[in-house]
Amino acid sequence: MSLVIADVTKRFRDVKAVDQLSFTVREGALFGFLGPNGAGKTTTMRVILGIIKSDEGTVTWKGKDFGRWGTGFYGYLPEERGLYPKMRVAEHLEFLGRIHGLDKQKARRETSRWLERFELGDLGSKRVEELSKGNQQKVQVIGTMLHDPELIILDEPFSGLDPVNSALLKDVLLEAHDRGKTVIFSSHRMDQVEEICQDIALINRGRLLLYGNLKQIKKSMGRQILRLSLEGNTDFWARIPGLHLLQERADYLEFRLDEGVDANRVLAEAMEAGQVIRFELVEPSLDQIFVEKVGEGA
Amino acid sequence: MIPVLVKREFTTRVKGTAYILTTVVGVLVFIGLSFLPPIMERLSSSIAPKHIELVVLDQGIESSHLPFLLQLSQEREDLTIRDASGLDERAAYAMVLDENLSGLLLIDGPLCTLVTPDSKNVVLNEEIENVVNQAATLWRATQLGLTQDEMQSLFHAVDFRIREVAPEQEDGREVDQVAQTQAMVLAYFLLFMIYMALILYGNMVASGVAEEKSSRIMEVMVSTVKPVELMFGKIIGVGALGLMQFFIWISTGLVMTFLGRTSFLGGLLGVAEPLRAVPLGGILWFGLYFLLGYFFYASIFAAAGALVSRVEEVSQVVSLLMMFIMVGFFGAYFSFLNPNSSFAVTTSLIPFTAPMVMFARIMLADPPLVQVAASVVIMLLAIAVGTWLSSKIYRIGILLYGKRPSLGQVARFLKG
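Protein sequence lines, in the order shown, are assigned to chains X and Y.
Start counting the first sequence at 254; every next residue gets the next number (the numbering used here).
Start counting the second sequence at 12; every next residue gets the next number (the numbering used here).
Derived from the structure by calculation, the hints contain no laboratory data.
A virtual CB, placed ideally from N, CA and C, is assigned to each residue, including glycine.
Pairs of lysine to any residue, SDA-like flavour, derived with a Cα cap of 20 Å:
#1 269/X to 411/Y
#2 18/Y to 361/X
#3 18/Y to 340/X
#4 339/X to 30/Y
#5 237/Y to 333/X
#6 26/Y to 380/X
A few chain X residues facing chain Y, derived, Cβ under 10 Å:
#7 324
#8 334
#9 339
#10 352
#11 353
#12 354
#13 393
#14 396
The following block holds chain X by itself, in its conformation from the complex (with noise of 0.2 Å):
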């Protein structure tokens, strides 16, 4: 009982935005949906949501088509953020419930109850084009979030926010999560993708790179990431095959092994070169393989 994408392509004009892209998202999950920019992950989304008709393919919730469930089940925040500038906060977030399903009391109700939550008590009876880019983009979350969906889809929630902002969020987002709702986002930010979600789906020109389990994929990415520091010759590593330096950093040196190197050899090498202060192999971070799996790509 899940979210299956199946096959689903998408053209414009000669263009495919998406390309037989499929994968699945489990009841339940919190799912990062990553990729470079233009890689088709707003288009897929409204695909998802029927907002725009895929040209092939399907979109199904619980085995039932996508489209036949109604709207009220889930929530969607747009990456064009935007709300009627004149409407008042509280009144804006109750027409949201509204027209979601909620009926006038619990909308009501309900927005009192998020406002205060996102730290916006004070601002129910202001214009939404009063308030301030940031808090503009909570009411929005709000909006989405209101009627308590099952289904939370967020295209780039934490841009444009500010650490304290950023980690509100992710707070509401753990939460919805422990009380078993199915949140999909979208983000360039690896580090907060990493930081809450277990499953993730890469994709980049509308074909999907990398999808599953974030750790299973970790561990078979392999640990071959070598974070080395040393007191003398730090040039040794030049003459091992297979060694590459990723990044030079005052701590320390950062490599990526190639298959079939030998980390023990490197060390010896090491130790001959000078004093090893720090010799470390580490799983790749996800920033680096979304680096390393887009670069191949490319």
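Chain X is already provided as a structure; the job is to place chain Y on it using the hints.
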């Protein structure tokens, strides 16, 4: 879902400055209209010359208008003629200036020249020309040797009446020409209201859609409600605003009429005759054709609004639609002259012009019931087809940003 959308559209706009302002201005116009007849009267009397006082210098040898001018001045209280024979032109004109008279009239045979300190007073000039012509006519009649009676019978106007007889009727009814003029003024007034309303509310719908696009609320909305619902929510909401405005305005008119008829204000107001004669049927036809026209045009306006990214661009795309409405208005205006001409009949059956032309025809002439029914049916069909096509354009247009799609692309939206 639509009621929630309609309610939002209505409540946010009804509190808006623009709406309140137009409503108040409209009310003031309606109140002003009630005062119009006395104002017009006062105005025309202030423009018209109260008293004409002419100094006449007749230099003619064979003809003399002077005696007849003097005769006229005896018959008319507002005319004084002073004979300046013997004076020269300069002295005669000095008299005009000194005593602030209307002017100096130089007569030299068939040539009459008015010497005046104020040649811009067209009304006065015309009146003096009339007087001179009358005197000339009298002179010629005397030359011909006509008696007073003969002259009167020569200039007597016939009693001209109009009787309208339908083919199947034995004898027709006599047409009250005053009533017909009143009906025409009223019809013209209501026609103008339909015209204004279609443009005003059509634009409101188009810019409303463009506003939703430019504020980027559109994507949230279409992820939740169907685009067609969104479109109808807006159209019905704005339409309800329009109806409420009309209701307020027409009520104002009726209240003023009532006041004019009953209370002591009556004498003061002298309520406009055409308003006094407003037939209830006329108002109902007005409501019907306003709604038919509005629903037909509003969906097209909505589609037009969906094609632009910013409110500022709206006027560019709606200009074509405005032309259609204007054609309808002028079509109706011309059918005023002949409500049963083939031009009027044809345009009263074309959806773009029907709401205005057929309404005008109903108000002025009794068009055959078949034609009225046909125009209503055609309008309903046109509304169905129009909203169907518009919703297709709307659905795709609302998510398009940047360059405005070409006509060819729009045609492709319709196929998709």
